[in-house]
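Colleague: Put together the whole structure using the sequences plus the hints.
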Amino acid sequence: MDALLQQFFNFDIMMQASPIILRGFGMTLLLCLVVIPMGLLGGLAVALASLSPIRAVRWITIVFVDLFRAIPPLALLIFISAGLPFADIRISPFTAVCISFLLNNSAYYGEIYRSGIESIGSGQTDASRSTGLSATQTMAYVILPQAVRNVLPDLISNTVEVVKLTSLASVVAFAELLYAADMARSVTYNASPITFAAILYLIVLWPVVRLLSRLENKMQN
Amino acid sequence: MSYGDLEVLRGIDIDVVPSELVFIIGPSGSGKSTLLRCCNRLEEPDSGEIIVDGSSITAKGADLNAIRQRIGMVFQSFNLYPHLSAGGNVMLALRKVLGKPKAEARQIAEAALERVGLADKIDNYPNQLSGGQQQRAAIARALALEPKIMLFDEPTSALDPELVGDVLNVMAELKQAGMTMVVVSHEMRFAKAAADRVIFMDGGVIVEQGAPANLFANPQHQRTRDFVRQVEH
Amino acid sequence: MTQYERFLDTFFNPEVMANYFPKIVEGLLVTCQIAFLVVISGIVFGLALALLRSYRWTPVNLAIIFFVDMFRALPPLVLILILYFGLPNVGFTLSGYVVLWLVLTCVLAAFSEEIFWAGILSVDKGQWMASRSTGMSYTQTLLNVVMPQAIRLTIPPLTNRTIAITKNTALGMVIGVDELLNEATTAQAFSGNATPLMMGAIAYLILFVPVVYLGRYIEHRFAWRKV
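Chains as they are written, first to last, in the numbering used here: chain A, 1 to 221; chain B, 1 to 233; chain C, 1 to 227.
In case anyone wonders, no lab produced these hints; they're calculated from the structure. Incorrect hints may have been included.
Claimed, not checked - Computed footprint of chain B on chain C; a stretch qualifies when at least three of its residues, placed anywhere within it, have a C-beta under 8 Å from a C-beta of chain B:
#	region
1	119–128
2	132–139
3	144–153
No residue lacks a Cβ here, since even glycine has one placed at the ideal position from N, Cα and C.
Modeller: Given below as structure tokens:
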């Protein structure tokens, strides 16, 4: 028992590592601030394109979405960060993370928006158009607000996934929370720094997960 | 057969004799459905005793599942199992509770569905049946277990008017065959024609009871008079 | 060499392809194997938890909810690193393969428990009453009446979640599991050529595009069930 505590919950080691881990935590939050809005906007673009009146646009969107839903996010990240230099394109780990997250998250958020938009009856469009609103205005002021409300739990749930996914950036040596914790782990030969990182992830995500499961159960009843 | 004190509904004391059809009426929220559900302990009474066919179902350690199988219940919303055919609905408890082999269970199901006029619907799923057919299948589901008593909780309230007759006919036939029944319903004409006794409940208590002819023609209490006048017009 | 030839040589080099084809296939098979094991054990475990939860024994339920919350909130890579690097130091060594399987199983179990539980809650109370009124026990009702109805509702979200979690087999690369991504990056390092990465990407598409389509189809088929 004591060995377990020493290995996983060693308070001294956690304190020693805390400066670099907290710096990593800051980077994770920063990364979230960049990739979440990017994914939300990219997803919206994907959703609108998937409902485009032009068939070719719809088809290209479907291929895009399925492609990036089929490739594991870590594989995508590594293909981009390790593959692009071969094409003489030099990018920083941060840029590689941003590109792969944009592609992956746009596909996922896009599917969520689309199901939200499709859940709104055509009567809403009819009513809105009959009052003289344009197609774009109808989408922006009538359809989207309702659609987003309908799929809000899914959007939040996917955002939790995105925050968790930022831990993948550690694999391409972007100095976020897990990278910092794993550095500390390899220096101290002790897993406590990663436990510390886990606690920080929990502080951010546990309340959201609680909220989500309440939302989901409420929708059932 | 007696229902002792049901304190949860405040001092209710009813005896139902074999082959009797007791009809319970009253405004919504008067506790009719709760009373019915207490009779097979789908609702837990706080105190009091309920005796069915000589054995107390409120006693500690009473074998509820064995008791329930002898008390048939029919619900307002049918509650047929949507994933099973009409036959499957009837057979489930026969197989799982009574442990009957499949062939025998099917025979019993056929007979029960025949009794409610649905012999040809045995393989139809609930969503392929009309509301009236669904409710008759639900009656067959209860009947197949050969209950000593049947409880009907507003069996026709969810039905379109033209489908009510079929269900009431089945209930009338059951009465003629000597089934003991407790019915919560608003079908006053059926009460007049078939009930042995009508009980008027309001606010969780029995306000008055009597033969249907007396109670409808000559109610003793103001609340009963108001209610009877309302539903008759 | 023209620009185009150089591009082909870097990303679609026939020689490199021929050299590393067996390795990539081996990696693909390992990925399939872990994915299969995770799907089976994760869903069975999740279903068991949801059934257990429906009995509403408070201490058990609190434990289940805690388990589910942990595995929903923590990044799987964090859990993988903790177990893989922490356990050997307390005298308990698990191979990367087992750690990957264990963590992904628990993650899938957590998510599928939530999905099954939502399915159980969605079944109308009247179904419980009708079944209990015919003398069926709680467990008989749960298994024969409630679950068959709940399962229908859970299939679309469960499929999508399972696909998403199965793709996490790629995380095995970080702890040296010989799965597809690991084989592809190793081959890329050895050959100094990007072709193995392309092969890896194509292998992932061959594996997961049909699955994604299956998910789409299932979602469509069960769409009428959505509220």
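Colleague: Now look at each hint and say whether the structure bears it out.
Modeller: Quick rundown of the hints versus the structure:
no.: 1; hint: 119–128; verdict: holds (count 3)
no.: 2; hint: 132–139; verdict: holds (count 6)
no.: 3; hint: 144–153; verdict: holds (count 5)
Taken one by one, the earlier hints all hold for this structure without exception.
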